[in-house]
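A.B. asks: The residues making up each chain are set out below.
2 protein chains.
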Amino acid sequence: MFIVAARYLFLCDEDFTILENQAFVFEDKILELGELDNLKKKYPKAKIIKTPKNSVILPAFINPHTHLEFSANSTTLHFGEFLIWLKSVINSRSILNAQAKEELILQSIKKMQKSGIGTIGEISSFGSDLDPCLKASHKGMRIVFFNEILGTNENQVEDKKQEFLKRFENSLKFKNDFFIPAISIHSPYSTHPSLAYFALDLAKKQNLLASTHFLESKAENIWLRESKGGFKKWLENFTLHPKPLYTPKDFVKLFKGVRTLFTHCVYLKEYEWLDKNLHSITHCAFSNRLLSQKSLDLKTALKSGLNIHLGTDGLSSNISLSLLDEMRANLLIHKNFDLLELASKLLQMVTLYPARALNLNLGELKKGKIADFSVFELGECDKKQAPLQFILNAKEVDKLFIKGKECKF
Amino acid sequence: MFIVAARYLFLCDEDFTILENQAFVFEDKILELGELDNLKKKYPKAKIIKTPKNSVILPAFINPHTHLEFSANSTTLHFGEFLIWLKSVINSRSILNAQAKEELILQSIKKMQKSGIGTIGEISSFGSDLDPCLKASHKGMRIVFFNEILGTNENQVEDKKQEFLKRFENSLKFKNDFFIPAISIHSPYSTHPSLAYFALDLAKKQNLLASTHFLESKAENIWLRESKGGFKKWLENFTLHPKPLYTPKDFVKLFKGVRTLFTHCVYLKEYEWLDKNLHSITHCAFSNRLLSQKSLDLKTALKSGLNIHLGTDGLSSNISLSLLDEMRANLLIHKNFDLLELASKLLQMVTLYPARALNLNLGELKKGKIADFSVFELGECDKKQAPLQFILNAKEVDKLFIKGKECKF
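Residue numbers (numbering that gives the first Met the number 0), protein chains in the order written: chain A, 0 to 408; chain B, 0 to 408.
Bear in mind the hints are in silico, worked out from the structure with no lab data behind them.
Take the hints with a grain of salt, since some may be wrong.
If several chains are the same, the list does not tell them apart, and a pair holds so long as it fits within one copy or across any two.
With a straight-line Cα cutoff of 16 Å, these simulated EDC-like cross-link-like pairs (lysine to aspartate or glutamate) come out [as the list claims (entries may be wrong)]:
{"no.": "1", "residue 1": "Lys366", "residue 2": "Glu405"}
{"no.": "2", "residue 1": "Lys39", "residue 2": "Glu405"}
{"no.": "3", "residue 1": "Lys334", "residue 2": "Glu80"}
{"no.": "4", "residue 1": "Lys86", "residue 2": "Asp381"}
{"no.": "5", "residue 1": "Lys232", "residue 2": "Glu31"}
{"no.": "6", "residue 1": "Lys334", "residue 2": "Asp296"}
{"no.": "7", "residue 1": "Lys365", "residue 2": "Glu157"}
{"no.": "8", "residue 1": "Lys110", "residue 2": "Glu235"}
Predicted, not measured: the structure shown is a model, and the values here were computed from it.
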């Protein structure tokens, strides 16, 4: 049993409460919040965790959308437009995947931990990230492991199913609190309906989380909604009369009853298609700037009442997997927001909201929540300014606790 | 005499030409560009500078707007709205200035050099930055030293003039290629016309550069244009019936015939007021996000034909003095631009354009230009993508040459 106190506790509750000079007691869960002296008296055997002067404690961040198999990219892939990027991915994915060896992936995960991330949602395209993810899960990184399925060729559907099933079933063997197998339907432009049904059926039967990329780019939007544009031209290289596999609405219907993270949704206006209780949107602002030719209208998205949270996407379309960097990028991209209001909203979007999306009992400093939290040192600053100043200045955790245990880097 | 070659030379000319696998010869100026082998034959005694594989060479960056006297700020000043910030500056400036000792300012300058900056425009409010700036100028940092004047109180005009004159004349003693005294009129809301005339008269007589902050915030805009808003309320604490000291147009008229950098201009629509030959706009996008409640409409500003370049502003309203960070911020803030087009434009806005604004014979890799340039290592990347990939990935120079001499950090 431990007690930890700080200048500011960002509870990351719905009201974004900040407690000043308060403390909490925890084991693997948070037992009680309150005045340090009172807690010391009530829990005399609890060990006191030392924290720096002017520190901030907040829930560990959750990055629900990474592609660690692309960790080797820095200057290889082409940015500016989605199809140009996609073609460069297809050209370079074997090389990049080969370069993203276990050590590199473990380094990327360690960097995320240092930046305060306690849980990730890893989109596993090839399965080569399984071993490093398992290793990292033994060192306190909580990983939702989304086994991805894709393929449009009718003739290869059975092969694809078997290949997916092998990866998926293998991942199930390791299921525990820190390694949570799940499924990913790559996207409406890349996943044959038979494959999508097949994988989502498994998700329903086994009550697993799902993830998908949806309406990410201008090209995808025109393709799905109007059956034309760059996607059509590109697909004509392989098929005589290519047609979209779904309308956007029909694609969303596939996920009925399945807890799903819809990633991007930059070109989605029909928020009512999504189920507020089960569906959420993972917003990857930096990635969108590199590929989408448009930003998510965050104000409208938040007003829809849906759960909107942040993710970094992979290094295939970002320069960092840190949610601190991603929040800083969001401050700049969403310039139509009041700065201070946006700062506290962004902190909820990397804690409370993704925890809900992933159905995890964490993401908030609250009695009964799993004790996933970080301690950061921050200069002397005004309480009202603290969320913004934290986002602007925080670089690395002083300490990171996951399920009540301190992570060692 | 030296020869240096690189995978890519970003000339930073008006067309943003990129030369691939080319070289140039330089002494204190650039003598000739061409094929490495040809140059070796033509200049057999020239020493070859080693550069990393896949390196980029480009003109040293120019950051024409810093406030090094505020280098101690990180979490002290309040952001989100200009007047809230201004009040926090007034409350904390003595403490911050006292903390920004010579060593801290020298550290800030060294960091800028490491990020590829060869010239800065330092706005000197108190003169406490003079000594470190002089020291840095001996170590290859080229400094345009803008002695700032401000004050609105009629009764203190003479004292303010004398205080300014003392700093100004002192700075003139050190004038050389690396230390260029200049003047700064703080702003239309803070500088009495008598003080502005006085300082600008000196600038005209001695043919010096001028700088000013102009139409930075919503509050300033409403105050100058409509004599109301937060500024009025605040000034009523000191004066019975406060009135603006100038209309925006009259303020600009003061600078007729003076080469001037107008910093911010977020709320300027009347670009025709400025003189295309002598006036330029220093755009500080990150600072504006923290204080201005609006971004410069960069597309319209560029279309006006005026010289628009970047600056970081001080650590009083930024988290970095690196123009690499500032360019990355600009990529996100100006999301209505095509990404690749914006990348090369931004590189001109930190080299060619500020050199013109400051009337310096540099900022371009071209025969006859002063040899201020940096070498960066960059991963293997496509030529068309190179400007963007450079901005996204570059962190620290491999080498920095100023007036043909390598800077040692």
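A.B. asks: Evaluate each hint against the coordinates.
C.D. replies: Results for each hint:
In this assembly of identical chains, the alpha carbons of Lys366 and Glu405 never lie at most 16 Å apart, being 19 Å within a copy and 59 Å across copies at closest. Taking CA atoms no more than 16 Å apart as the test, Lys39 paired with Glu405 passes in neither setting, with 20 Å inside one copy and 59 Å between copies. With identical chains, the CA atoms of Lys334 and Glu80 are at most 16 Å apart between copies only, with a shortest distance of 13 Å across copies and 22 Å within one. In the homo-oligomer, the alpha carbons of Lys86 and Asp381 lie at most 16 Å apart only across protomers (14 Å), although the nearest pairing inside one protomer, at 48 Å, exceeds that limit.
Taking the shortest Cα distances, Lys232 and Glu31 never come within 16 Å of each other, neither inside one copy (60 Å) nor across copies (46 Å). For the homomeric pair Lys334 and Asp296, the shortest alpha-carbon distances inside one copy (11 Å) and between copies (12 Å) are both at most 16 Å. In this assembly of identical chains, Lys365 and Glu157 lie within 16 Å of each other by CA distance neither inside one copy nor across copies; the values are 47 Å within and 61 Å between. Taking CA atoms no more than 16 Å apart as the test, Lys110 paired with Glu235 passes in neither setting, with 42 Å inside one copy and 52 Å between copies.
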